Amino acid sequence: MRTSALLMGLSLLSACEGRQSVLNPAGRDAQDVLSLIWVMFGGAVLLWFLLGVIFVYVTKVEPREMPRRWGEALIIGGGVIFPVILLGALLTYSLPMMKPQREADEGLKVHITAEQWWWRVAYELPDGRRITSANELRLPTGRRTGLVLNAHKVIHAFWVPALGGKVDMIPGRETYLSFLPEKPGVYRGQCAEFCGASHALMAFETVVMTPEDYAEWIEAEASDAAKPASGEAYRGAEVFAREGCGGCHTVRGTQAQGQVGPDLTHVGSRKSLGAGILKMTEDDLSRFIAHTEEIKPEVAMPGYDHLTPEDLRALAAYLKGLT
Amino acid sequence: MTRVHPLPTAEGPYPPTEEMLNAPVFEAEQERGAKELRAAWKTPEGWRYVTAVNNSEVGKWYSLTALAFMLIAGLLALAMRVQLAFPGMTFLDADRFNQFFTMHGSAMMFLFAVPMFEAISILILPAFLGARDMPFPRLSAYGYWCFLIGGIFVLGSLLFDAGPKAGWFMYPPLATKDEGIGPDIWLLGLSFIEVASIAAAVELIVGALKCRPPGMRVNIMPLYAWYVLVVGGMILFAFPPLIAGDFLFELERSFDWPFFDPTRGGDPILWQHLFWIFGHPEVYIVFLPSIAIAAMIVPTVAQRPIVGYSWIVLSAVGTGFLSFGLWVHHMFTTGLPQISLGFFSAASEAVVIPTGIQIFAFVATLMVGRVKLTLPMLWIAGALAIFVAGGLTGVMLAIVPFNWQVHDTYFIVAHLHYTLFGGMVFPVIAGVYYFYPFFTKKLMSEKLGLWAFWLIFSGFNITFLPMHLTGLMGMPRRVFTYPESSGWGWLNLISTLGAFIVAAGFAVFVYDLLRPKKAQGEIARNPWGAGTLEFSHDVPEEAWGARSVPHITSRYPLWDQPKLVERMDAGRYYLPDAPDHQRETIVTSVIDAKPVHVQRVTGPAWITILAAIFTGGAFIFPTFHIYTPAIICGAFAIVCVMYWLWTSTARPPKEEMREAGLGLRLPTYASGPQSVGWWGMWITMLGDATAFASVVFGFFFYWTARADFPPEGAAHPVGLWVAVAALAGVAAWALTVAARETNARGQVTLARLALVLAPLAAGAAGVAAWAAVRDLDPTSHVYPAILWALMVWLVVHLAAGVLMQGYCLAGSIFGKLTPRYDADLRNVTLYWHFMAVKALVTAAVLGLAPGWLT
Amino acid sequence: MSDIRDREDAHEFRTEALSLWRITFAPLIWALHFVASYGATALVCAKGEAGAVEALLLGVILGTLVALALILWLGVQAWRQWDPRRDHEWENDKGTSEDRHQFLSHAGFLLAMISFIGVVYVALPVLLIGSCA
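Residue numbers (the working numbering), protein chains in the order written: chain P, 1 to 323; chain D, 1 to 854; chain Y, 1 to 133.
Possibly wrong hints are sitting among the right ones.
To be verified - Derived list of chain D stretches under chain Y, where covered just means 3 residues or more per stretch with a C-beta under 8 Å from a C-beta of chain Y: (1) 214 to 224; (2) 305 to 319; (3) 547 to 559.
The hints are simulated quantities; they were obtained by calculation from the structure and are not laboratory data. No experiment lies behind these values; they were computed from the predicted model shown. Yeah, the Cβ is synthetic: ideal placement off N, Cα and C, and Gly gets one too.
Make a model of the complete structure from these sequences and hints.
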């Protein structure tokens, strides 16, 4: 029940439709493929109609006998010569197109490990620093960023349609992908390999920023967690500590150093909650914490519905404040 | 090979002259022959009906059962479409939805698509070939009963909320880690299909190559026979990798041997390779026999022979081969090197060419002929329209960067349904309308057929055409719901509405199919004016298939050979009677269809049902980890099979020669490469060898893919025992060969001695193989696990080989096997040739590879 | 009246015991070329040292030329046996040994053609992509 209420109540995280669409590219790789798509699609429609016209002609318009030579010419011309040339050309054009998404990064690498059902994210800067985050990806425009992908238990897949093709995330193996984002904005990505009960609820926001904004953001992200700024948030921090949340979650600069669940150091600044399925509001925060298993079937985190509404509100205020 | 008592060969005039064919058959003669045939081919009545093995009965049950499973899988789809009609629906929760999509795919592929093609072949292939039945009727029946039991069990799991739920391709580690019994049930269902499919491959290859009517050389064989011959071959090389994969999967589930567990050296990608090496040819295995139906219907519609017969043969064989080079296109996103992906992209485009050629051949035939549009042709037209669309999206999907965007999205769902509906469902329905008068002498309703067509055709496109866009807009597969903000809601709603239209269309079709048609009069035998042999059969009145087996001189005998049907009906041709009240058919040579011998085919039996039930038990009990009853059932199944073989195959004949008609005298017993049993063994062993090769491939795959294979300081198999196993295995083989040779020379005592020593040698080989690896712990790492797996494989096959040697020994002692009638021993020796190679390869991997690799 | 024991080798066309297999030779070469190319690539990309990739590309190109030459040879043989210019008869649909003989060579020729195309296609990645990335 709550799942439905939450999901149906999910309002647009951004007013723009097609944030998860192949047809709305925001990066070089997605743009290149889209041009090819239009050509192929146009060609396919044309060929289908052509064959349809021939078929209707020989069965309805002119059902009488025609010379055998014509039939044989159709088989050789249509069945062999034409496809050999067309497909050969298509292959020759497209085979080199794989290269860009496998190209090395130009300074920034992001390590993403898929869990059931969330994303472990770690930015590896040129100076060697590693900044841990979760459930959201931020990239600068104009530069190719490399994504080093892995998975913890089962196979997942990483996909941001607006930026490029997808790659599987396979336990025990590292896979690699790179993007060259071009249009700043917020795009949605989703897991694209069935990974268990909550596969449909494993998504994330990708925020593409200009290099200047990005430099600012990454420094903020590298810093320790913000201190609670209100009385309620302060109480929330106490609830956090008391309930042992730090056993699974990390909040840098506090006692909470758990690795089992997502890093919460700057959770309040993320665009979405629960791996792309809820809004980053205090309401959604309290509902998610209280009813985790109902919202995300079979998830590892238990629901904290034994907390009082005041405690939940305080906790939500605290987490929202971790910007 | 000097045989003491060579078997007789065919004698008499051949081919029959016009003069011989013109000679009349006397009334009395005709009646006698008809009466004898009727007695031999009588369909059992009452409760004995279930013991029938005639292809007309088994084919009917098989297709109706496959249809039922398809309808159930269709209902699952409807439920899913309801759930997806709006964002955030709670009609099905996540778990149930996941079970439904898994079962929809699995049931459609394993309980409908493949069995349906087998069912149709069983029903009509003998008819195309003027044969009375399939070459191994009890095997078909056994396959059917296994299929029924397995299918009910697998689908039934849904009722207990215990269905598999990791997708129809069950990727580990998700599927191997699942704590429920879902994956085990899935594996079970698969096992039955694998058994039934290998059996089908045997029947189709032997049927198409050895059971054609005299004179039907390969160049005038019906195209359907060419297609199923290719498909039989494909099954032999496609299913075994899956069997190997299942073998490893089940070992991991039951005993925790870490084949797909990366924390202990395993690799989930191996499963993907093995599965898709099967999975891609599989869809062509489903497509080719269905489009073969089109190849039979189009000439009738054009009222002329097919244009481009050789082109279509090229198409079938070429597609068959090329389809084995496509499998990684299901794995383009797994991070493999670009060049590797490129190979598969190229091959995936290459296969489009032979696939397209046959379609152009059909169009060319229609172009050159005088087209008479009928209801079956409408369905074929719909099939082509839909299939070509699916093929065109396939061309797009073979392009890697595009694939990277739309893999695992609704675009793929659209593509696969377009190719499967267009390539299989529509042609099969066309076949139902076309062949219905063949097996019942009634027509289905033209009006209802039109309604069904337009409902299904339009509903199908309303459902699946939008999915291309849905996928491009970012909707992944296998999601039980989606957010409102995605913008996919309207597309999903349209698809859901379309699904109900399709359902309505199927309701009309199924009603038309199953409704009682007693009030309809019977029509003439060949309502469409077809040219091929099936319409010479007098079903359903007579169960004998062809009244007499004709001599064929044309691709379209009913058009080109005057008085053919008249002469067949009069019993002018071959085997017009059954003096021993036995079921018989003629076995002919592979290329030129010259008569070689008369083959007794089996009749009604309880033993096949019993064997299927015990086989069922042997597979079903382990699903619940109840092992003792499983072993008992397995033992009984083996006993049943051996009884069946003993009583009805390769029995020394009463009469060595038979008057086969038109002056020809044919032998009644065949041994060695002449005999269908030998062919059956060869074909099965090719499949088995492929499965074995797949397990060995697994070993080398781990070495390529993992740096820690073998792991540091790993224990290796004991070289001495490996050597003993190899030697003992070769000795067992040599003794079996010696038994065959001495037996053929009349030295029966020596032969029996060899047959006593051979199992002992085999037993020693098995024990030695076990001893070689027994100190390695297969649960610790995939290296010892794969070595153990190879050992288990070898030991199981040695055991089967021992049973066979024992069977021959018993045969020799009890008079079934003599120096002259030694088919059993020749077949068993053939098994042992393969066994020897297997023993040597296993020994090489266990003994030598560790040294080379480290 | 002829007898079943008459062999047709008395005339021009022998009963071709192997010929049904023969039509599969060209596709078999394609298959071997494919497996060898893919297998070698997988091995080299997984286990090879830096210089091995050039050797691989060279090897695949050589293998391609060999395969194409073999298929061409098979195709020419099949063409000669089929001999379409002699009787302008492509259908070969009579139940005679001559038609059967020509049909098998026609089928063999067509399969050589498609195998040739297949080998060329499969070689394209090696020419167009140079690395193991």
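Going down the list of hints, with the structure as the test:
no., hint, in the structure
1, 214 to 224, "holds (count 6)"
2, 305 to 319, "holds (count 8)"
3, 547 to 559, "holds (count 4)"
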